[in-house]
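Student: What follows is the residue order along each chain.
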Amino acid sequence: AQRVTQPEKLLSVFKGAPVELKCNYSYSGSPELFWYVQYSRQRLQLLLRHISRESIKGFTADLNKGETSFHLKKPFAQEEDSAMYYCALGTSGSRLTFGEGTQLTVNP
Amino acid sequence: DVKVTQSSRYLVKRTGEKVFLECVQDMDHENMFWYRQDPGLGLRLIYFSYDVKMKEKGDIPEGYSVSREKKERFSLILESASTNQTSMYLCASSLSPGTGIRQFFGPGTRLTVL
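Here the protein sequences line up with chains H and Y, keeping their order. Here the first sequence is numbered in my numbering, starting from 15 and rising by one per residue. Here the second sequence is numbered in my numbering, starting from 424 and rising by one per residue.
Don't read these hints as lab results, they were simulated from the structure. If you're wondering where the values come from, they're calculated on a predicted model, not measured in any experiment. It is possible that some hints are incorrect.
Distance windows between CB atoms, simulated [claimed, not checked]:
1. ARG55(H) - THR509(Y): 28 to 38 Å
2. ARG525(Y) - PRO89(H): 22 to 32 Å
3. SER54(H) - LEU518(Y): 27 to 37 Å
4. GLN92(H) - ASP482(Y): 27 to 37 Å
Backbone N, C-alpha and C define an ideal beta-carbon position, used for all residues, glycine too.
Using the sequences provided together with the hints, build the complete structure.
Tutor: So this is what it looks like as structure tokens:
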């Protein structure tokens, strides 16, 4: 069965510091990985997906199939990055399996 | 952009009541999903639908049912609400078919069962 694990429930960093949100998955098939973000009082939205290999708002994520990880990174955190971040695994039939979420706080 | 709307932002119901949560999307998406969002548990899939009158159980379907009579509308039904169903409920939609497809979310309905 597929599973997504985000080991950190809370993560706090200072503005300008690097940030890494960890995500590990288990899935026997070929994975599709995503990061979704929910800012305060806003709806959940897609941040990035591994298939696009893009950088959004300075965030990047690399799929490491050997370590079954898809960690989200940003070299210099900003206060507006404070949000809840969810890693998600796409499996059969367009459904997603989400991790538990990591609440990121960027302090001034 | 895709617009997914949910009928209520906040809802308070009593134990044993039948509860309807409505979701409407305006982009002709085939797939629609219902999740519940709980702190520390993330999003868990309750039910989803690939087409009109079609439904599939997700990971936590017990105590819930769904209805999809029209393509744009997907309803979540709590047949007899219980206090452990107090949660934030999120609806989402996406194009079909296949994986790698972005899901668009509604604003959520915060349901409290007393």
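Student: Compare the structure with each hint and give your call.
Tutor: Tested hints:
1. Against the hinted window of 28 to 38 Å, the Cβ-Cβ separation of ARG55(H) and THR509(Y) comes to about 20 Å, which falls outside the hint.
2. The hinted window of 22 to 32 Å between ARG525(Y) and PRO89(H) holds, with their beta carbons roughly 25 Å apart.
3. The hinted window of 27 to 37 Å between SER54(H) and LEU518(Y) holds, with their beta carbons roughly 28 Å apart.
4. Taking 27 to 37 Å as the suggested C-beta distance range, the pair GLN92(H) and ASP482(Y) conforms, at roughly 34 Å.
In this structure, only the earlier hint numbered 1 is contradicted, and the remaining ones agree with it.
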